[in-house]
Every structure is written in structure tokens, then in C-alpha cells.
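Protein sequences appear in the order of chains A and B. Residues 1 to 197 (our numbering) are what the first sequence spells out, left to right. Residues 1 to 197 (our numbering) are what the second sequence spells out, left to right.
Mixed in with the good hints, there may be bad ones.
As the list makes no split between identical chains, a pair holds if one copy fits it or if it spans any two.
[Unchecked claim] Each computed DSSO-like pair below joins lysine-lysine, with the alpha-carbon atoms no more than 30 Å apart:
1) Lys22 with Lys165
2) Lys160 with Lys22
3) Lys22 with Lys80
4) Lys22 with Lys119
5) Lys22 with Lys197
6) Lys80 with Lys197
7) Lys197 with Lys119
Please keep in mind that the hints were generated in silico from the structure rather than gathered at the bench. Note that this is a predicted model, so its numbers are computed, not measured.
Below, each chain spelled out in residue letters.
2 protein chains.
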Amino acid sequence: MSDASLPALIEALRRLPGVGVKSASRMAFHMLQHDREGALLLAQALQQAATRVRHCAQCNTFTEAEICPTCLDPHRDRTKLCVVETPADQAAVERTAAYRGLYFVLMGKLSPLDGIGPKDIGLARLFARAGDGVVQEAILATNFTAEGEATAHVIGEALKQRGLKVTRLARGVPAGSELEYVDLGTIAHALVERREK
Amino acid sequence: MSDASLPALIEALRRLPGVGVKSASRMAFHMLQHDREGALLLAQALQQAATRVRHCAQCNTFTEAEICPTCLDPHRDRTKLCVVETPADQAAVERTAAYRGLYFVLMGKLSPLDGIGPKDIGLARLFARAGDGVVQEAILATNFTAEGEATAHVIGEALKQRGLKVTRLARGVPAGSELEYVDLGTIAHALVERREK
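With the rest of the complex left out, here is chain A:
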């Protein structure tokens, strides 16, 4: 008799990002005590996703097909390519319903401090994709963090050299915010890029 399943489960749960040994124990106890159905469902979902999900050959996002539904959509404007860091960022842009072009998902960002360079996030694939002769504008929508800005800069310079129009999401004061609570860098940017009404 060995009681190995529970320690093995706690150890495996720790592979999830942001889950330490205390959370993992709590999760394991909860699932075993209150939600075994959920545990089996999660087991199956993990197994299916890990074996089925791959990267779209065109835009690099997660999909189960060779080409993802977005890239296949005939109603999309194929002259515009929005470059984002992750599928979650892509989903955020999609939710606005303000963009009908295509995407390229980097699945990461340049991060020299972590040793993540252009090769690690597959910039060569992006440049090949953007150079298909149809794409005219690359909209850089990487995050407005130091790493996201650096990534946008590197990609922007490279694509401009290849003759593409390169744009970046506008910086400024977020909708619904009170100036008192907006950081000064954002207000400074909003002042410099003020628009005539």
C-alpha cells in the first residue's frame, strides 16, 4: 500500500503558474473532498488541450487546426496585421469589435534580462508573414510595459525597412479615469499627443 496519489497531485498542481505548496494542497483537498467530478473534468481538459492545441501556421495563435478560424475568415481585412504578445491580448482587441484585420501572436516578448531574444519569439516568422505582399499596415499592440515597448520598437524598425506602414496603439488617458489618479507619464503623453476638438 502506498499513499502516493495525493502528494503526486499536490506536486503536479505546483506546475501551474502562481501556485505554491499551500495553494496546491488547498486545491487538492478541495477537489478530493468537494468536486471529484471537476477533477476528472479538468484531467480530461488538460489531456485534450495538451495533445490537440497547436499554433496557427499563419498567425501563431493557439488553435486545433492548421490555420485558425480568424485567419480563414473571408470577411477580414487582409491588408492589416495587428501584432500582440499573447492570445489573451488578441482576445482583448477582438472584444472591442473595433478591428476587422488579421493578427500575429508573438507568444512572448523580447526580454533581454531573461535571455529572450528575437529568435525565441519567432520574429523571423512574423517578418515572413508581414512580407506576404498583401499586408500593408502593421499595428503594434504589444503591451505598454518596458519589454512590450522594446518589442514594438524592434519590430517596428524592421517592418518599416521592409516598406510597411507601421502604427502603434494610441497612448493617453484611459476611458472613465480621473486625472488625479492617472500616472504622470500617461498625462504627459496625453498632453504631447493632444487632439483638436
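Fit chain B to the given chain A structure using the hints.
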């Protein structure tokens, strides 16, 4: 073609306690992007634990056997029964190496506000276990929260009526703490229960 695996995985991850839709997405992306091996390992661990782990017929803790290794251990003092809320609490007591008796794990606590009464945490099983004629002392080690205290009170009264010696973990100032930062209820208790040196 349907891209159902990823949304299904995010939905399944939300069954874990403390995991909302943002964390679930982050977990799913991380596992698919950086740790598919971990995802498959977690799937297997969940499946095994959910199908194999059951409750010890004697102490009610999680085990894969009919009776857990602790209850079977011949070197344990069978006259002492320590009552805890969860296997995590049991593990905390075990780590002290200061206790060599047996356990009963409630797998919960009385919580009238949540509609959890004596039947829901199987107090009848505890009373049967404690009344085996061998157990002489019940050590109440439920948490020192309102619910844990209420649970200890109910169990204590019932076991005293059955002629058992009932004790509770000592209250007082935790080891290594500075009085300035200890709550006044704890200090008041420590004063009342002060010991001669």
C-alpha cells in the same frame, strides 16, 4: 473544425478553488506554451487521485487503503485521539513530532451560517470512533476561529458526556512573536493561563 479545447480547459481550471477567469486563462496559456509535459502530468495525477483516494475507515483522512498508514502504525498511542479539521491540519500536528497518538479528521467544521451541521461533518462517526473503549483522551485541535471553537465546544461536550477526558490545544503567545504585534485577545488569554516558572 472546432477550437473547443482551450475554452474547455479554461472553464475546467475555474473549478479549482481561488481561480477566476483571468488566472485560469493565464494558467492555460502558460501550460500550453511552456509546460505541456506538466499539463499531461497534472491530468494523470488528477485522474489517479480522483479515482483512488478515499477516506480511512478509522480516522477519515485521505488514503488509498481501507485503513491509513497512521492508524495501522503499531507504535502509536491508541489511547489518544487528536481531532482536526483537515488533512493539512493533521500534517501540521505531525510535523511537530510532539504527538504520537491517533487522529480523527473531520474534513470540515460546524458552520451554521453555511448550513453545515453535525451530520454534514460526520460527528456520529467520530463519536463511534472515540467510544471504542481504547481511546481515553480526545485532544481537540480544530482551528482557533469562531467556527473551529464552536466545533470544539460541541464535540467536547458530547465526548465528556461519554466519559472521555477532553483537552484543547493551549492558547497563548506564538513562539518567536513580539508582544507589540500580538492581538489583545491572545495576550489576555496568555495572562489568564500564565504558568509558574
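A quick look at each hint next to the structure:
no.: 1; hint: Lys22 with Lys165; result: neither (50 Å within a copy, 33 Å between copies)
no.: 2; hint: Lys160 with Lys22; result: neither (49 Å within a copy, 35 Å between copies)
no.: 3; hint: Lys22 with Lys80; result: between (46 Å within a copy, 28 Å between copies)
no.: 4; hint: Lys22 with Lys119; result: between (37 Å within a copy, 28 Å between copies)
no.: 5; hint: Lys22 with Lys197; result: neither (55 Å within a copy, 37 Å between copies)
no.: 6; hint: Lys80 with Lys197; result: within (27 Å within a copy, 80 Å between copies)
no.: 7; hint: Lys197 with Lys119; result: neither (44 Å within a copy, 69 Å between copies)
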